[in-house]
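Protein chains in written order, with the working numbering: chain E, 1 to 287; chain Z, 1 to 287.
By construction, these hints were calculated from the structure, which means they are not laboratory data.
There's no promise every hint is true.
Which copy is meant is left open, so a pair is good if it fits within one copy or across any two.
[What the hints assert, rightly or not] Cut-off 25 Å, straight-line C-alpha distance, at most; resulting in silico cross-link-like pairs (DMTMM-like, lysine to aspartate or glutamate):
no., residue 1, residue 2
1, Lys226, Asp266
2, Lys226, Glu274
3, Lys210, Glu250
4, Lys226, Asp123
5, Lys122, Asp237
6, Lys64, Glu87
7, Lys64, Asp44
8, Lys211, Asp77
9, Lys122, Asp227
10, Lys64, Glu137
11, Lys122, Asp241
12, Lys210, Asp176
13, Lys211, Asp93
14, Lys226, Asp60
15, Lys210, Asp86
16, Lys122, Glu250
17, Lys64, Glu250
Computed from a predicted structure; not experimentally measured.
Letter by letter, the chains look like this.
Protein chains: 2
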Amino acid sequence: MRDLSNDHNWLSINTATVRQQADLIGIVEACARRGIRAVSPWRDQVAHVGLERAVAAVRDAGLKLSGYCRGGMLTSDAAHRQEMLDENRRAIDEAAALGSPCLVMVVGGLPQYSRPGSDPSKDIRAAQAQVTEALAEVLPHAQNAGMPLAIEPLHPMYAADRACVNTVRQALDICDRLDPQRTGVVGVAIDTYHVWWDSDVWSQIARIGKKRLLAFHVCDWLVPTKDMLLDRGMMGDGVIDIPAYRRAVEAQGFDGFVEVELLSSDWWSRPLDEVLDTVIARYRTVV
Amino acid sequence: MRDLSNDHNWLSINTATVRQQADLIGIVEACARRGIRAVSPWRDQVAHVGLERAVAAVRDAGLKLSGYCRGGMLTSDAAHRQEMLDENRRAIDEAAALGSPCLVMVVGGLPQYSRPGSDPSKDIRAAQAQVTEALAEVLPHAQNAGMPLAIEPLHPMYAADRACVNTVRQALDICDRLDPQRTGVVGVAIDTYHVWWDSDVWSQIARIGKKRLLAFHVCDWLVPTKDMLLDRGMMGDGVIDIPAYRRAVEAQGFDGFVEVELLSSDWWSRPLDEVLDTVIARYRTVV
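From just these sequences and the hints, can you work out the full model?
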C-alpha cells in the first residue's frame, strides 16, 4: 500500500465537496494554490462557468481529472428514453473535452425519480435490467470517445431514487456482461461511503482487476447520520476503516488519485480554505 | 400465493407499530377486538407490563405470536460479553414463556453501539465474525428451549449501529455454518423494508427453504425517507412491490403470519384505531 503521509500528490478533490463555497474556477484555483493535483468536477458546476472556461481553467492550473460526475439516470419510461441517451452521450463528450479518465455513472433508481415525468413503477428488477440495456446502448459512443464508464454502486438507501446498482458484485456482473474481455471500457468507481457495510465487498474487490477499477472515492460514515444525502463525514470522523479499503483496491493494482467526495451541509457551511486544509490533513493521516 | 383479500386471518401486528398509543395490554385488546389473530411484542413492552401479565393477556385474548422482538446486539468487547450472553438467554426464555415461534435477532453493529461502553472499533469484519461466534454460543440454550433464532438482515444503513448482517445471503451463510443440517434452529426473518433493494434477494430467498424461513415482515419504503429510523411507510404508500416478495417467500412454503412492523413518527401520532384499521385495509389490498 502506498504511503500517503508525506505529501498529497495523489489527492483529488471532487468539486461537490466545496460546491457551496465557490464556483468551479474558484475551486480549481484554490486547489492549485495548495498543490492539489487533481479534481473531479460535476456537470452542473462545469455548465455554470461554461465548458470552454472549465477546460481552460483546469489546463491553465495544471490540474488533472480523476473523474467527471456524472452520467447515468439510465432508467426511464419510453417517452424519456431518447433524452436519457442524448444526455449521456453529451456527458461522455464533455468528459473527453475535460480530459477525464472516466465518466462516473450514477445509474438511476426507479424511472419516476431517475427521469421525472416517467410513468411510476415499483419494479426494481426491471429498473436494474434497464440499466444494463441503456449502458449497452451508450457504450459504443464511449468507446469511440475513448471514455471508460465507471459504474458507481451507491449505498442501498439510494436504491429508489438515485441508483439501483448498490453493490460491487452487481456492478461487476454488469461489466462482465457488457465487456467480457475486461478491456475496461466499462468498470467501477468504489466509494468507501457506499460499500463499507458490505460483507461481500472484499471478495468482490478481489474480482475487479486493475483495468476495471476506474476510481476510488473516500469519505466517512457518521453515527448518527442525520440526513441521508447531506451528512457524509470527513475522513476520520466516522466508523469506516478507510485504509482497509484503500489496501484492497491497491492490491488490485490501483495507483491513481484518491478522490475525496463529501456531500455535507456541515462542511458546506465552513470556509473553503478550512475544508481543503482539513481534507489534506486527513488524507495524510487517516486515508 | 395465498389470497389475503377476503379476511385478515394471517395478519400479525408487531407491537412497535403502535407503541406510542397504548401499552401491550391495550394493544392486545385492540387487536383481539378486530379479529387480528397474532402479535409480535417487543421486550421492553413486555417488561413494562410484566412477563406474567403479558403471557396472560395474550393467552386470554386467544392470540398467537408471530415472533418476539428481540434478541441480539451480539457484538461487544470482552467486558460486555457475559452481559450479552445472559441477556440473550433471558430473551429466549421470555420468548418460550410467551409461546413465540421464534426469537427475532437484531445482531448488532459495531460494539460501541451494540453494547454501549464497549471499546470503539471500526472493524466491521470483526463484528460480523463475532455475530456468528455469539450465535453459536447461545444456540444450545435456544435448542433446549425449542426456540428458533431468526436472524433479521437489516437495511445496510443500520450496519454501524444496529446490525452488521445486511443481506439475506449473509444471514443464510451464517445459518449454513451453524446449522448445516438445516433443522431450522437458526433461520431468517425477511422484512420487505430491509431487503427490497437487493438485486441478489431473489436467488437468496430461493435458497432459504421452509424450515429456515421463520418470519415475514412487511412495510413500505417512502421517497423521500425523512428519518433513517422512524419514517417507514404504510404498505402501499411507498415503492416496494410487496406482493412480489410475499410470492417469493410463499414459493418457499411459507404459510405463516404476515407481520406488519412500522416504525413511524407519523403513524405513531395517529389514533390506535385508525392505524389498525388502515393496516387491515392495506393488508387486504396491497400485501
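To see whether the hints hold, each was checked on the structure:
In this assembly of identical chains, Lys226 and Asp266 lie within 25 Å of each other by CA distance both inside one copy and across copies; the values are 11 Å within and 18 Å between. In this assembly of identical chains, the alpha carbons of Lys226 and Glu274 lie at most 25 Å apart only when taken from the same copy (22 Å versus 30 Å across copies). In this assembly of identical chains, the alpha carbons of Lys210 and Glu250 lie at most 25 Å apart only when taken from the same copy (9 Å versus 43 Å across copies). With identical chains, the CA atoms of Lys226 and Asp123 are at most 25 Å apart between copies only, with a shortest distance of 22 Å across copies and 29 Å within one.
In this assembly of identical chains, the alpha carbons of Lys122 and Asp237 lie at most 25 Å apart only when taken from different copies (11 Å versus 36 Å within one copy). In this homomeric assembly, Lys64 and Glu87 come within 25 Å of each other (Cα to Cα) only inside a single copy, at 24 Å, whereas the closest approach across copies is 56 Å. Within a single copy, Lys64 and Asp44 get their C-alpha atoms as close as 19 Å, which meets the 25 Å cut-off; across copies the closest is 56 Å, which misses it. Taking the shortest alpha-carbon separations for Lys211 and Asp77, neither the intra-copy value of 33 Å nor the inter-copy value of 40 Å comes in at or below 25 Å.
Taking the closest pair of Cα atoms, Lys122 and Asp227 come within 25 Å of each other both inside a single copy (24 Å) and across two copies (21 Å). Proximity of Lys64 to Glu137 under the C-alpha cut-off of 25 Å is found in neither arrangement, the shortest distances being 28 Å within a copy and 54 Å between copies. Taking CA atoms no more than 25 Å apart as the test, Lys122 paired with Asp241 passes between copies only; the shortest distance there is 6 Å, against 35 Å inside one copy. In this assembly of identical chains, the alpha carbons of Lys210 and Asp176 lie at most 25 Å apart only when taken from the same copy (14 Å versus 33 Å across copies).
For the homomeric pair Lys211 and Asp93, the shortest alpha-carbon distance inside one copy (21 Å) is at most 25 Å, but the shortest distance between copies (54 Å) is not. Proximity of Lys226 to Asp60 under the C-alpha cut-off of 25 Å is found in neither arrangement, the shortest distances being 39 Å within a copy and 43 Å between copies. In this assembly of identical chains, the alpha carbons of Lys210 and Asp86 never lie at most 25 Å apart, being 30 Å within a copy and 48 Å across copies at closest. For the identical chains of this complex, Lys122 and Glu250 are inter-copy neighbours only, at 20 Å across copies versus 38 Å inside a copy, given an alpha-carbon limit of 25 Å.
Proximity of Lys64 to Glu250 under the C-alpha cut-off of 25 Å is restricted to the intra-copy arrangement: shortest distance 20 Å within a copy versus 54 Å between copies.
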